[in-house]
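There are 2 protein chains.
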Amino acid sequence: MSQDQVPEIVVDRLPLYLRMLEFLKKEDKAITSSQELADRLGLSSAQIRKDLSYFGGFGKQGTGYAIDYLIKQLRQILHVDRVWDVALIGAGDLGRALAHYQGFEQQGFRLVAIFDNAPKKIGTAVGDLHVQDMAELPRLVREKTIRVAILAVPADAAATVAAKLVELGICAILNYAPITLNVPPNVRVYHIDPVIGLQNMAYYL
Amino acid sequence: MSQDQVPEIVVDRLPLYLRMLEFLKKEDKAITSSQELADRLGLSSAQIRKDLSYFGGFGKQGTGYAIDYLIKQLRQILHVDRVWDVALIGAGDLGRALAHYQGFEQQGFRLVAIFDNAPKKIGTAVGDLHVQDMAELPRLVREKTIRVAILAVPADAAATVAAKLVELGICAILNYAPITLNVPPNVRVYHIDPVIGLQNMAYYL
Chain X
90 MSQDQVPEIV VDRLPLYLRM LEFLKKEDKA ITSSQELADR LGLSSAQIRK DLSYFGGFGK
150 QGTGYAIDYL IKQLRQILHV DRVWDVALIG AGDLGRALAH YQGFEQQGFR LVAIFDNAPK
210 KIGTAVGDLH VQDMAELPRL VREKTIRVAI LAVPADAAAT VAAKLVELGI CAILNYAPIT
270 LNVPPNVRVY HIDPVIGLQN MAYYL
Chain D
90 MSQDQVPEIV VDRLPLYLRM LEFLKKEDKA ITSSQELADR LGLSSAQIRK DLSYFGGFGK
150 QGTGYAIDYL IKQLRQILHV DRVWDVALIG AGDLGRALAH YQGFEQQGFR LVAIFDNAPK
210 KIGTAVGDLH VQDMAELPRL VREKTIRVAI LAVPADAAAT VAAKLVELGI CAILNYAPIT
270 LNVPPNVRVY HIDPVIGLQN MAYYL
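Just so you know, the protein sequences line up as chains X and D, in that order.
Under this note's numbering, the first sequence has 166 at position 77, and the numbering climbs by one with no breaks.
Under this note's numbering, the second sequence has 242 at position 153, and the numbering climbs by one with no breaks.
Don't read these hints as lab results, they were simulated from the structure.
Incorrect hints may appear among the rest.
In this list, chains with the same sequence are indistinguishable; a pair is considered to hold if it fits within one copy or across any two.
As the list claims (entries may be wrong) - Straight-line distance between alpha carbons at most 30 Å, and here's what the computed DSSO-like set of lysine-lysine pairs gives:
| id | residue 1 | residue 2 |
| --- | --- | --- |
| 1 | K118 | K253 |
| 2 | K253 | K114 |
| 3 | K161 | K210 |
| 4 | K161 | K233 |
| 5 | K115 | K253 |
| 6 | K210 | K115 |
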């Protein structure tokens, strides 16, 4: 099935399935079921079977899913059976926290550089990386054919930096800045905003 | 309509509508339409009308939505027409970034305290707050009747801290730790995980 035919809402759930499967694997489980996944994730088992059916199913009636096999398939579907180089823009508190985050590489992403435009930050060490001048970004993107960036700059700088990223050929932006970015249709933005999560939970309070 | 009758997936979208309406308001717009919201958010206008119909509609055929009115209604529905006190656990890079985040208070949340268990962090200033000893958490939660917490601690500490939060009566946890928390059914967890966003976008790469 071509990418465009799978509803976005289904794609949204695939990383959650993958994370849960890897969690179950760490618990030394080899087989799971749509019911177990549903219970763990707060979804219905019918939903999970339907979502996976877009890609061919992966389970046999009555025998459940082989966790290792389903992890492998989901990683292929999500294109994280490889490692994507990622540029991190912003070396403030948030940028530093992200640079220290240990979960990227085993999930398909490698931070290869961190950029900032503040002279006092440029050259300083953050984890295994050194903060580079924003002026160096075009060269790095070109040399490493980078397609993915994380935007961890203040709100008032985000639009300008995002425009620069798009101009350089970045087509996936994980946006931590609390603004809506205007990008061309071929560029995807995933907005990480704590307020959205808090408001979502407040509904149930 | 009672809370339980609205699908979670609809509730998930309400904060996105609210954010977009506030964005349009900042652009000095007074009226919008389901079509404009749909175009801006990458959804269908039918979806937006259907979502809002769970709560009574709010628009008249042909005249669109009055932005101020819809903002007010959505804030009431989401229970953010008041301000919730929030405890932030973890004063590392991420905790500090969150403490400096300016977007909480106008969206219904106020960070009232930040906690850590590292002696060298306790007492230090982070924005307008001072880091408090985790041992002080129960008193603060009781005194301020806190129901919402943000968990910004390392993965290996998250389960223990989450259990403590639940024990103290916290019923909404914004979880930044890269692990799945086991909590009772009456406690909601909203997991913020950069990997989920990156994998989602990688599908389209």
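To see whether the hints hold, each was checked on the structure:
1. K118 - K253: Cα proximity of K118 and K253: across copies only (28 Å, versus 45 Å in one copy).
2. K253 - K114: between (40 Å within a copy, 26 Å between copies)
3. K161 - K210: For K161 and K210, the Cα distance exceeds 30 Å both inside one copy (40 Å) and across copies (42 Å).
4. K161 - K233: within (26 Å within a copy, 47 Å between copies)
5. K115 - K253: Answer is between; shortest inter-copy Cα gap is 24 Å, intra-copy 40 Å.
6. K210 - K115: Neither: 38 Å inside a chain and 33 Å across chains, both beyond 30 Å.
Going down the numbered hints, you'll see the structure goes against 3 and 6, while the others check out.
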